[in-house]
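> Take a look at the letters that make up each chain.
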Amino acid sequence: MPGRIRGQLLKGTTTLLVLTVLREGELYGYEIAQRIRDNSGGAFVPNEGSLYPALHALEADGALEASWRESDRGPRRRYYKITKTGLEMLETHAQEWAAFSLGMSRAVAGPKQ
Amino acid sequence: MTIDWLPAFGFFGGGGALLITAVTLVRRCERRLGHRPDESGPPVTPGQTGADEISAYLDRMTTELRLPAADVAEVRAELVDHVHDSMASLEAEGFEPERAIREALGRLGPPAELGRQLRVAHQSTRRLLAGAGGGVIAAGGGFVLGYLGGIALGLLGFLAVFAVVALLAAAGVHLPNIIANDDGTTINSLLYATTLLVAAAVATRYAVRTSAGLSRRAPRTVAVFWAVAGALVFGWLAIFEMRGPQSWPGVALELCIPVVAIAAAFVRVERPMPHVGRWAIIVSAISLVVLSLGLVVSSGVSVSGSASGSATLPATSFEMSDLHLDTVAPMAPAAWLPEGIITGGGWGSDSTSGGTRVDDTVGADPAVPTAPSLKNWHEVRFEAWRALPMDEPGPGGIDTRYSAPLAIQPAVLSGNSLSAVFHFERLRDAGSWWVVLTAVGPDGHRYRIGDGGGGNSSFNGSAWDWLTAPQ
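Those sequence lines, one after another, are chains A and B.
The numbering of the first sequence is this note's numbering, which starts it at 1 and goes up by one.
The numbering of the second sequence is this note's numbering, which starts it at 1001 and goes up by one.
Hint data in this document are derived by calculation from the structure and do not stem from the laboratory.
Only true hints are included.
Just so you have them, the derived chain B footprint on chain A, three or more residues with Cβ under 8 Å:
#1 16-30
#2 38-51
#3 56-67
#4 75-89
It should be emphasised that the depicted structure is a prediction, and the values quoted were computed from it without experimental measurement.
Idealized CB from N, CA, C, for every residue including glycine.
Between the sequences and the hints, there should be enough to build the whole structure, so can you do that?
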């Protein structure tokens, strides 16, 4: 494992990461952060201070829906669920990221010999 | 009488739809503002370990948040949950509880920055536009609701006053009758002003509630905008646009309307508004229909019943000297103005200016041409003099307590008619008047060349017209 990705590199990817993990099912804030870390094998640890603004912005844009209900363990939580708009947004972001990632890999690899 | 159904349906449908939409919007937004918490709201956080430190962090974050109360409560509850989860995880990793709190809060970053980012996330441009549009709709619906409420409040107020006066009279206490002989002007002006005042207050409060809820802004933040907008719009309506009978008490109340609009935007803004239930909406809708129907019917009647009068003298038995027309000027000598040249006329509403048009017919007899009839006369004019009311004992006529006319207008000759327009409706106390046609004769003195006739007028204009009316 190459180690944790630096915060600056994660900037701008929070939306993609959040939408990706919520595609699998409804989660609350702390679970989302944990799921991102687990799915990336510990490589991505989202900044908790930027996670909630991102979640609330996605909710304001109609990409997520939130509701308070009992959690499996402990008190009531605010669960987030991805919407149809959110799925469309995820597809767009994923395509953009794939293009960016490919271009970046080529650029970093340098000219072919 | 004809009813223009298109505007009538527009008024019924538009007003009713606006009202129902506004009530629905306000009720939805009140939940957002935290006045009516429902089952889906955030939990109340019980006291837990490190609660003071967490509260201090959240309090600092909240100062930057500036959101409606319900949103603030949700954000705080969500972050408390997050910190507790984070602390539990850290303690499982071996952190001491106190260190776990600091670490968990530290991972959230500076509280002010978190609050600022959350505010930006909530207060999107789309929500701001929704808040502005919803506020306008809610203001319209609130205006309709307030208008109906204002009418009810005004009528109840007057009934209460009359009941008190009647009770005092029964007890032998007689208050001075301040509204005697004003044709209901004082009551009408107070009723109109009360109606607009209540409508302005309800409309402004509805606008603030809806704008704050939809835009996710704190009510006090949007209240600044709506206070200014309400004061300008309703102030303009009250002072310049609302025309009708006026009185000093009514004008004073109208001048208060901008202040009331500002106060309604701020005062007790965090308290819930009275619950407007289904029956209130139904009663309001029915009232709106009845009121609108009444307005439509009465407007149809008033078209055919516009004010007019004849310049002929009262039919009661009296002497010409009882009219005191010589107060104005002596009658023209028959040698200079043969009988039959000025043959009377009348008065009525001037459709263009809304004033009172008076006219006298000249040379109705084809044998007597108009121009030669008046060739020896110049400075022909109508003079309106204050008069005694005709319904009092006696024939009325010129009120001899006055030595100058109430108003003067040059007579304009058109065809065989001499006419002028007076704006008695813009005089605060025009009351009864008598219009006489005068002119300067060959000897250079002014004479009456037509005895005219009289009528009654009351002020009809805006508060600004009242304040700037000539004395």
